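Participant: Sequence:
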Amino acid sequence: MRLYRCLASVTVAVALVLSAPYDALPHARVEAGDAKAPPPFGAACRTRIEGSHVVAHCHNPYVDVDRVRLHIECDRWWDLDTDSAPVDTEPAMTVRLTGRCWKEVRSAWISHQNRGS
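Numbered according to mature numbering (1 follows the signal peptide of the UniProt record, and there is no 0), the sequence shown spans residues -24 to -1, 1 to 93.
FYI, nobody ran anything at the bench for these hints, they're computed from the structure.
Being a predicted model, the structure only gives us computed values, none of them experimental.
Every residue gets a Cβ at the ideal spot worked out from N, C-alpha and C, and that includes glycine.
So the derived label-pair ranges between C-beta atoms look like this:
1. Phe17 to Trp78: 30 to 40 Å
2. Trp54 to Pro15: 37 to 47 Å
3. Pro67 to Ser28: 29 to 39 Å
4. Gly18 to Ser(-16): 50 to 60 Å
Based on the sequences and whatever the hints tell you, model everything.
Facilitator: Structure representation (structure tokens):
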């Protein structure tokens, strides 16, 4: 008998909450102009490794200048890892970055830095 009374009060409480108008319920509101998405950014880069040589081509289709760098990690412990000098990739521009190890290349990647317009 107690279970039915407890269940009845819970049912009434749920019915009251569900029948309340939408504006009366607490919820987060986001205005249309409040949430600004960041503008698109970043050059699209293709990296190719052939033996001990690395070549990367980066094309920037966006308005902001993208400063790109090529980072190379060499496979041998005695071979020095290298980072290229930063290159500003202007809008609608393609740049070529190169580097190498003495022996095998373990990995190569590109880093991006937003330089603004």
